[in-house]
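2 protein chains.
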Amino acid sequence: MEEVRNKYVAIKSHVNGAPTESDFEIKSETISLTIIGSEIEAIVKNVLVSVDPYQLNRMKKQSSSQAAINFASAIIPGHAIDSYGVGRVVASGRADLEKGELVVGLLSWGDYTLIQKGRLLNKLDPMGLPLPHHVGALGFSGLTAYGGFYEVCKPKKGESVFVSAASGSVGSLVGQYAKLFGCRVIGCAGTQNKVDLLKEKLGFDDAFNYKEEMDLNSALKRYFPEGIDIYFDNVGGAMLEAAVANMNQFGRVAVCGAISEYTGNGKRAALQMLDVIYKRITIQGFLAADYLKCYADFIEMTTKFLRTGKMQSLNDISCGVESVPRAFIGLFSGDNIGKKIVQIADDE
Amino acid sequence: MEEVRNKYVAIKSHVNGAPTESDFEIKSETISLTIIGSEIEAIVKNVLVSVDPYQLNRMKKQSSSQAAINFASAIIPGHAIDSYGVGRVVASGRADLEKGELVVGLLSWGDYTLIQKGRLLNKLDPMGLPLPHHVGALGFSGLTAYGGFYEVCKPKKGESVFVSAASGSVGSLVGQYAKLFGCRVIGCAGTQNKVDLLKEKLGFDDAFNYKEEMDLNSALKRYFPEGIDIYFDNVGGAMLEAAVANMNQFGRVAVCGAISEYTGNGKRAALQMLDVIYKRITIQGFLAADYLKCYADFIEMTTKFLRTGKMQSLNDISCGVESVPRAFIGLFSGDNIGKKIVQIADDE
Chain C
1 MEEVRNKYVA IKSHVNGAPT ESDFEIKSET ISLTIIGSEI EAIVKNVLVS VDPYQLNRMK
61 KQSSSQAAIN FASAIIPGHA IDSYGVGRVV ASGRADLEKG ELVVGLLSWG DYTLIQKGRL
121 LNKLDPMGLP LPHHVGALGF SGLTAYGGFY EVCKPKKGES VFVSAASGSV GSLVGQYAKL
181 FGCRVIGCAG TQNKVDLLKE KLGFDDAFNY KEEMDLNSAL KRYFPEGIDI YFDNVGGAML
241 EAAVANMNQF GRVAVCGAIS EYTGNGKRAA LQMLDVIYKR ITIQGFLAAD YLKCYADFIE
301 MTTKFLRTGK MQSLNDISCG VESVPRAFIG LFSGDNIGKK IVQIADDE
Chain U
1 MEEVRNKYVA IKSHVNGAPT ESDFEIKSET ISLTIIGSEI EAIVKNVLVS VDPYQLNRMK
61 KQSSSQAAIN FASAIIPGHA IDSYGVGRVV ASGRADLEKG ELVVGLLSWG DYTLIQKGRL
121 LNKLDPMGLP LPHHVGALGF SGLTAYGGFY EVCKPKKGES VFVSAASGSV GSLVGQYAKL
181 FGCRVIGCAG TQNKVDLLKE KLGFDDAFNY KEEMDLNSAL KRYFPEGIDI YFDNVGGAML
241 EAAVANMNQF GRVAVCGAIS EYTGNGKRAA LQMLDVIYKR ITIQGFLAAD YLKCYADFIE
301 MTTKFLRTGK MQSLNDISCG VESVPRAFIG LFSGDNIGKK IVQIADDE
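Protein chains in written order, with UniProt numbering: chain C, 1 to 348; chain U, 1 to 348.
None of these hints come from the bench; they were simulated from the model.
Be aware that one or more of the hints could be misleading.
Identical copies look the same in the list; a pair holds intra-copy or inter-copy alike.
[Stated by the list, open to error] Below, computed lysine-lysine pairings styled on DSS-like, alpha-carbon distance capped at 25 Å:
#1 K117 to K157
#2 K293 to K154
#3 K60 to K310
#4 K293 to K304
#5 K304 to K12
#6 K12 to K199
#7 K211 to K60
#8 K99 to K310
#9 K7 to K157
#10 K117 to K211
#11 K221 to K61
#12 K156 to K293
#13 K304 to K179
#14 K60 to K221
#15 K199 to K267
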């Protein structure tokens with residue numbers, strides 16, 4: 001019975017505020033590569049795993065809103081942390097999966113994943129595209145961008161779209177979907193480098209560095225003299241307030257993330273409800289999981305866009321299990337450009 | 001050429017904060033009851049006029065959100081103030097209107113209304129119902145309640161509905177629509193008297209006095225142990241925050257008013273956006289005017305409910321032009337029970 005060492009990342013205790021290195025530990029255990037019993041239906045050697053801001057909310061002491069939904073279940077101190085990723089099957093108890101097959105699903109921040117019964121795991125046909133694309137643009141970040149833009153924002157051609165955290169995993173895709181759909185798109189990000197990238201590589205009509213703006217409200221007035229029709233919100237806080245103040249009648253806000261509020265340092269958005277009423281604004285929170293019904297369309301469209309070069313998948317890749325904590329912490333200071341992924345191992 | 005004195009209410013200058021008697025003046029002018037020129041297409045002797053909280057927003061210095069939409073145009077100091085109401089035609093230049101006919105539309109807070117071309121004015125068939133019903137339950141308050149509940153809240157039978165300012169002009173109707181539709185309905189109001197009325201006369205499942213609750217969040221947890229599916233928001237501020245915190249997945253907030261914020265004294269709602277995301281809450285501002293397409297259905301259903309006694313129209317009536325300022329000011333201290341209406345004159 002072959003045994004291996006499995007290193008994985010865990011939190012030492014619940015995380016409050018911004019995460020630091022000391023919140024994490026790299027644990028190591030010996031695991032058998034043979035499936036024993038019926039609890040585990042596959043063992044996967046992890047190749048690439050996703051690193052996402054929302055995980056921080058799962059590391060906090062459970063909130064009532066999270067308790068309500070099982071896929072944002074709390075991360076337990078000392079336990080492996082699940083995350084979307086790509087890997088290879090090393091042992092399978094499932095009739096439809098064979099050893100050596102490439103899979104995508106909920107893996108762990110670690111060398112191996114013991115796939116419990118019913119856990120999301122599908123065969124992956126890379127369709128000639130690089131594996132990181134399947135973690136980012138074709139993974140949950142992509143579905144979030146697709147469902148959020150097409151289903152929540154309900155865009156019309158020619159509308160003005162504002163995207164915050166526009167160089168991030170989801171924002172960078174939303175901006176591109178919106179351009180390809182026929183909208184005018186302006187994004188904001190936190191460095192000049194990112195701003196250049198949005199304009200030069202991703203085709204945004206314009207972009208600005210929000211850190212260089214003293215007054216977000218005036219900045220948005222300048223960039224959207226005709227008002228905002230759609231705001232794809234990844235950050236919450238002051239930017240959400242300013243966006244609502246600059247929205248047009250029947251404007252839509254897709255609330256995808258509120259990263260400025262995740263660490264507890266940022267102030268909550270205190271919206272001007274008179275704007276919401278008089279301009280008949282709709283503000284809607286959503287999760288990618290609600291748009292699984294769009295999965296086939298999403299994959300078809302996005303694969304085509306990526307293949308033809310109409311869309312770019314920005315992947316920001318670190319290497320090794322040990323790099324996960326730093327990669328994760330960096331999300332909250334804007335270190336990443338595009339989708340943050342950790343390459344756990346080479347795909348042999 | 002018959003002439004009459006026309007007394008009307010005006011603001012002396014833009015109103016900031018809570019309105020007081022000194023913000024208003026009763027002006028008097030002599031008007032001819034003969035139509036001269038083509039600007040005026042009818043002259044109406046006002047019988048009943050509506051007094052609504054949203055008027056305060058029109059008395060402020062114009063905000064960007066109001067400037068965007070013409071039917072919330074600023075009220076100009078010294079000028080007559082338009083408001084929904086019922087009256088009698090005393091002179092008509094319109095082929096479809098005759099002297100003596102009963103009409104409903106945008107009248108003035110005054111004895112007479114000079115109806116400018118294109119201004120909303122329709123013949124009124126009272127259908128055997130008291131005239132005040134046509135200002136409240138069958139007027140814009142009713143359409144607001146109907147459009148807001150059926151179109152914005154998109155209710156399902158059995159859902160739990162929370163209504164704030166539940167004994168007010170709109171709230172009292174929303175609660176009754178929701179009960180008749182098959183929802184569980186709980187309202188809040190600001191006096192024991194109003195709370196009793198909601199439970200005993202309007203059929204609410206339960207009601208509470210928010211002024212007696214130290215912690216709105218806990219109060220809502222107590223009244224909605226299974227969570228809120230629909231929140232019909234008339235008040236904004238702390239109650240909106242507490243409602244969002246207590247909402248169920250896929251909950252809907254119809255933002256009809258934010259009276260706690262109108263006078264500038266109340267704090268804005270600083271929503272927990274994580275709740276909005278994880279629970280996929282939709283928050284939607286709306287105006288009755290967006291639901292004119294439902295007008296015929298609204299009138300048919302509401303007339304039937306009122307006729308058969310399934311629905312009550314609560315009207316709180318003051319008398320005389322001079323009573324308008326006090327009636328209006330009282331809206332912001334919760335003096336009214338149900339729809340606030342001023343009877344300008346008897347209908348002869």
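Right, here's what the structure says about each hint:
1. K117 to K157: Cα proximity of K117 and K157: none, with 44 Å in one copy and 36 Å across.
2. K293 to K154: Answer is both; intra-copy 16 Å and inter-copy 21 Å each pass.
3. K60 to K310: This pair counts as neither: shortest intra-copy Cα distance 39 Å, inter-copy 49 Å.
4. K293 to K304: within (19 Å within a copy, 41 Å between copies)
5. K304 to K12: neither (43 Å within a copy, 64 Å between copies)
6. K12 to K199: neither (41 Å within a copy, 52 Å between copies)
7. K211 to K60: Answer is neither; intra-copy 27 Å and inter-copy 33 Å both fail.
8. K99 to K310: So K99 and K310 fail the 25 Å test inside a copy (35 Å) and across (67 Å) alike.
9. K7 to K157: Close neither inside one copy (49 Å) nor across copies (51 Å); limit 25 Å.
10. K117 to K211: neither (46 Å within a copy, 51 Å between copies)
11. K221 to K61: between (39 Å within a copy, 20 Å between copies)
12. K156 to K293: both (21 Å within a copy, 22 Å between copies)
13. K304 to K179: For K304 and K179, the Cα distance is within 25 Å only inside one copy (15 Å; across copies 50 Å).
14. K60 to K221: Classified as between: cross-chain Cα gap 22 Å, same-chain 36 Å, threshold 25 Å.
15. K199 to K267: neither (29 Å within a copy, 39 Å between copies)
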